[in-house]
Amino acid sequence: AAGVIQSPRHLIKEKRETATLKCYPIPRHDTVYWYQQGPGQDPQFLISFYEKMQSDKGSIPDRFSAQQFSDYHSELNMSSLELGDSALYFCASSARLAVNTGELFFGEGSRLTVL
Amino acid sequence: GENVEQHPSTLSVQEGDSAVIKCTYSDSASNYFPWYKQELGKGPQLIIDIRSNVGEKKDQRIAVTLNKTAKHFSLHITETQPEDSAVYFCAAGGGGSYIPTFGRGTSLIVHP
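In the order they appear, the protein sequences are chains V and Z. Going by the working numbering, the first residue of the first sequence is number 0, and it counts up by one from there. Going by the working numbering, the first residue of the second sequence is number 77, and it counts up by one from there.
No lab work stands behind these hints, which were simulated from the structure alone. Treat each hint with caution, since some may be false.
To be verified - Heads up, simulated DSS-like pairs for lysine-lysine below, C-alpha to C-alpha not over 25 Å straight-line: (1) 118/Z to 12/V; (2) 21/V to 98/Z; (3) 118/Z to 21/V; (4) 98/Z to 144/Z.
All of these numbers come straight from a predicted model, not from anything done at the bench.
Go ahead and model the full structure; you've got the sequences and the hints to work with.
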């Protein structure tokens, strides 16, 4: 079965640079979520989109922005990168009309390292 | 908002033993309780979930129980195997929020 696809899987950037992560949800899933996971931490919710509109907002820094496109894929843009942004970034998708409680399916993650 | 507490943070067992991970939640409106398994360098994978209209659900060696009155739910793994070694996260969702709140995770180590 098709899963959530994230790219790139690994990314190395310098401080103050910009990075963009991409997420392709499971087909027919209309909701995309972005999470940040630091070493030894639980996933922290950043932001979500439903039908291309921002749905919920978590602990996403102002330096980050995201959007969902007409084909339902999403991109997380991170600017002015800081050392503390080094983490695993997960995208998850769900079909909100099918379940009303956020049954999420996660991608394999993108590991961002800021030097 | 919802607050999920998960215990223990680390659990070490011998192969063949049972493992139990417990979570409590604070929002009585939550009605969906998934469990995720995360292997090193990979994304969390949904392994089992339970909704508030049932008290127990089983899938082969994995079972989850829910006590809505006490607001706690547990993951039970029987006949553990080394490949069960991973970090397990509980979560609570629903109740008007589409964003499940995660527990801090339990690192399960199964020794051969």
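Results for each hint:
1. 118/Z to 12/V: 21 Å, holds
2. 21/V to 98/Z: 34 Å, violated
3. 118/Z to 21/V: 16 Å, holds
4. 98/Z to 144/Z: 14 Å, holds
Hint compliance for this structure: hint 2 alone is broken.
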